[in-house]
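For the sequence shown, the residue numbers in mature numbering (1 follows the signal peptide of the UniProt record, and there is no 0) are -18 to -1, 1 to 1071.
Treat the hints loosely; a few may be bogus.
As the list claims (entries may be wrong) - In the DSS-like style, the derived pairs of lysine-lysine whose C-alpha atoms are separated by at most 25 Å in a straight line are:
1) K493 to K448
2) K459 to K493
3) K581 to K459
4) K493 to K439
5) K722 to K661
6) K524 to K550
7) K389 to K337
8) K459 to K513
9) K448 to K573
10) K61 to K191
11) K636 to K662
12) K753 to K799
13) K732 to K946
14) K61 to K99
15) K126 to K27
16) K581 to K445
17) K753 to K736
18) K550 to K573
19) K126 to K99
20) K389 to K379
21) K384 to K307
22) K550 to K493
23) K653 to K636
24) K722 to K658
25) K191 to K126
26) K232 to K191
No wet-lab data here; the hints were simulated from the structure.
Everything numeric in this text was worked out from a predicted model, so none of it was measured.
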Amino acid sequence: MLFSILCLFLIVRTEVFSFNIENREPIVKRGFEDSYFGYSVALHKSVDDSDIRHSWLLVGAPLGDNLQPGVNQSGALFKCPLTNYKSQTDCIQVPTDGNRPNDFDYEDEIVEKAPAKLRPPGNDEIKHGQWLGVNVRSQGPGGKVMVCAHRYIWSDNLESNQYGLGLCYSLNNRLEWEEQWEPCKGRPILQEHQQFGYCQAGTSLALLKDGTALIGSPGPFTWRGTHLLPKSREIFYTEIKTCMSVTAGKFFDTHNVSYAAGAPRSQDHGQVYIFNKHLGELEMEVKFAINGEQFASNFGYEILAADFNNDGYDDLLVSAPFYFKGDVGGGVYIYYNLQKCNWTYCPFDTVLRGKLESQFGISLANLGDINHDGYIDLAVGAPYEENGMIYIYLGGKDGIDKIYSQKLHGWDNVRTLGYSLSGGLDMDNNGYPDLLAGAYDSNAVVLFRSRPIIDIKTEVTGKELKNINTAYLGCAKDPDSQDKCFSFQACFTISSAKSGVDGVIVQCSIKEMLERSISRVWFQDEDPNIKHNYQTRYFTLKPSQTVYCQEETVYFPNNTRDILTPIKFRLNYTIASNIPHSAILNQTSIKDFEATFQKNCGEDDMCQSKIIMNASLLLNETDDQRYILNLGDLEEFHVEINVTNEGDPAYEAKVFVFHPLVVRYIDIVNKSRSFKCSKKNDTIVACDLGNPLRANRSLMLQLRFETNEVMNQSRTKAEEYLQFIVFVNSTSEELSNQTKSVLNALISRKAEIKISSAYSTRTVVYSGEVKGEKAMRTFDDVGSIVWHSYQIQQLGPMSYADLRVTILWPWQVANDKPNGKWLLYLEEVNITDGREQDYCYVEPDNAINLLNLERVSSESIPLAMYNRTYAYENKSEVKMGTFDTSENDLMQSFGSLDTQENEIHEQGSFISRLIRRRRETDYIVPTTIVTGKDNKKRKVASMDCREHTAKCIKIYCIFPKFSKGRLSTISIKSRLWNSTFVEDYSQVDWVRIVSYGNVSVEDPDIQQHEHSVNVMLIETNAYPDLSIQLESGVPLWIIILAVVAGLVLLILLIFVLYMLGFFKRNRIKDPTLSGNLTKQSEQETLLNK
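Please model the complete structure; the sequences and the hints are all you need to start from.
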């Protein structure tokens, strides 16, 4: 016998394709506990002297107790008969150890209980832990058997050196000991692992049908492996690391055998070496090596050679049980054509994958042809997937099918099922090969037997299956029926079954294949009130009969519309009495057939319609001919569809409109009896165009859709465009290529929002004394209440997210300082008719009641101010005529105020500067002279952010959701700072105070509607009280001038009077006034008068 020692190790996980392997009532055999019974298995048939064949299950138990005396746990080989599946412990150990040549060095002591011919171990060997049964192989029926112990130790001096050489035994076909093989004995061992000191022969084993045994020995040459030719004792050395698996096959030609050895740790990824042996030469040639795919995947752990595609050349299967990626674990690589391979290039043709951590592929087995289709099938073990799995894969002309056809499961007391496999032999003589699997962790083996396959040929015949005439009632089998019908005959023929046919009950099922949810036909039944679209009948098979037939009548309604689509049926045959190990029908025992109707479609009975369809959206178009949907302008739109049939009648013609979920179908505009539209679901509308849509017929229809859902979607949720797919089809063959249209409508969102003035203080009067900030204790100390209220209204059909209202509030008089005099002192900001999530804030954030003034009494918005209009003589007319402002001017005001606000913040902490220092009083807003309709001139001071005469702050109000038709009001309550106006503006006719409100949508993709009002100003006129105008008096310079003028006038008057002698006068003498009356002159004067 020729030996070649090759080394390789591979774990493969594969899925098994075989529907006829019986997994019920398998034959289970069990060994002793902790013996690893089932670590290796082999199917074997022995032939006795009477040429009677006996089937045996060979099982290795490498930790079992051997029959050899004087040993413990040296391993054993067992043979198990095919007895009843309930007999699990009837295995017999095959004598192996102790059968030695007579010149062997035995100990003198002989154990009395051992058989006479079995001798104890010699003085130069250690049998304990030798693992006899690590591998067992059979040549097949009538062939030899080999079993190995790779950990066998020998030494001529066990006390100084122990060499792990390994050994194998060969047995004849009746399992009798024949010869022992120690391929490494006699080789150089002094350098131990660098030579043959730890050879471990028998780690892998292959027993070929030509009598060649391949013994894997991974230990020599520092565990790189060797290839030995025992007959010549020559050594073939290769650079192979841990050679763990061996096989042989006709890979390159059909006459010469090549050899393969697996080295799962070679080059870190694993390799498989291919060898050729030339006739007459002892040394083998390494032809090339196949490299593994993944690091540490153990590529080459197990290898198998067989012709799975029947091309005449053996294919090579290589497993990598430790491959992993994601949830995949293990792999079996399949090479169908090794002729194309060389040292640098050898790609695999396909790969089978298993589950993670299942060690898929740790065992491989050639099943033989289990389904009798002419191709070899494959079994792959995955012992660590649950309790163990075996996958069956079917071979074929294209090789092994990548999808397994059957999966065999382990169970609780049979764990690690599939760790070892053996197949290809028919053990129960039913003509089909069986499968033996080991489960060493449970010390058990399981024989799965294949079931016989009954091949059947099916045939359906019947003239009425074609051109069924729907114009007449009844049919040949039931002419008096009030329904329409037809009949046919179904037959099947039995073939290829060798056994197990007699008494088998076959169930025949004929069922309508539904292409729609509603059945179109029903079968004849004994009860006329029962209508079902299937028929079931049973046949009992007989050895003498091969053909079985049945007649069936099928009915369909009188108002059947679909006469173009054939009525499809499926004929299926199954085994009704599914008894374990009984025959099974081939999976191909299924036949589909159909019944067709007579149609008005020409001589060939082929309806070839030619439908021309055009669709359009009745919307405005952009410059580049694209539709545009302005959401702010309309709440619904129409899709127009024009259909013309220029060919044969189109049966069951329909138009389908696929529309976005955010638009909703309403109805059809031009309703007609000739067509009808309905919703199939939330995104599909289907319109029936008639059955049939006759030749040269034209139709036009318009579908209405509403856009409410689109308008309620924010930009982040809705698409940039709406896509409508419109197509027409029928059950006729279509010749036209104009049956589909894709319509895209760009979404243009327009916000139609209006901001207006609600209840606001239009006029207010200021008076009283001038007070400083420190004198202010309550809001009433400041001055009169001033309300400005902005009303926000949604006029369009859309809803908006993040609606923002910005209000510019004049709270100080403008000057060139960081702070100005108070103008409108901010008391509170409220939202009327708001939602819980709506809110307002002010920048700076403490601008509301900055001085922490107290409120004397609770004041609410006065009802009298709703829609109130104030007038002060003709001054309101003067205001409107003089200070009219356009919306563009107002928008510019917001831009200019941003600059002003930045200037304020650049001067440092604006909030800290709000704590008042002593106010500057050297700046007064200049007045403007205006003329009213009464032609009177009046002086007006304007406090306006736009004119930079007021310092303004910003009030922001945010509405996260502003829906259609909503109306909300922002109310701002403030106090007119009385002291500022009394002190600086008591001599003007009025002071004009203006705030601005702006509404905007934060989404930059939403445009403003042309009808929107986005900016609003509210104006309050403050008038000085008449009393403060009188109290103020005449300016000093006028008083001084008047005094000087008065003095000058007085002097001139005195001078004139003097010149006129006003100051000279004659007096009458009064004697009483003087005692001396003798003056002549005085007397004369008096008398003269």
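- Message: With the threshold set at 25 Å, check whether the alpha-carbon distance from K61 to K99 stays at or below it.
- Response: Holds, at about 20 Å.
- Message: Hinted pair, alpha-carbon criterion (25 Å max): K493, K439. Please report holds or violated.
- Response: holds (18 Å)
- Item | 25 Å limit on alpha-carbon distance, applied to hinted pair K389 and K337 | Satisfied, since the Cα-Cα distance of roughly 13 Å is no more than 25 Å.
- K126 paired with K27 [C-alpha distance capped at 25 Å]: At roughly 10 Å apart (the allowed maximum being 25 Å), K27 and K126 satisfy the hint.
- Within a Cα-Cα threshold of 25 Å, do K493 and K448 meet the stated pairing? Between K493 and K448 the Cα gap is close to 18 Å, so the pair holds against 25 Å.
- Please work out if K384 and K307 have their alpha carbons no farther apart than 25 Å. Judged against 25 Å, a Cα distance of about 18 Å means the pair holds.
- Message: Need the status of pair K732, K946: alpha-carbon distance at most 25 Å?
- Response: With Cα atoms ~13 Å apart, K732 and K946 stay inside 25 Å; holds.
- Hint consistency between K753 and K736 [alpha-carbon to alpha-carbon, up to 25 Å]: Roughly 41 Å separates the two Cα atoms, so the pair is violated.
- Message: Next pair to validate is K581 with K459; report whether the Cα-Cα distance is within 25 Å.
- Response: Status holds; Cα separation ~23 Å.
- Message: K61 and K191 were given as a pair; does the straight-line alpha-carbon distance stay at or below 25 Å?
- Response: Measuring from Cα to Cα gives roughly 21 Å; hence the hint holds.
- Message: Does K513 sit within 25 Å of K459, going by the straight-line distance between their CA atoms?
- Response: holds (18 Å)
- Quick one, are K550 and K493 close enough, alpha carbons at most 25 Å? Distance ~9 Å between K550 and K493 Cα, so the pair holds.
Consistency with the previously given hints fails for numbers 6 and 17, ordered from lowest to highest.
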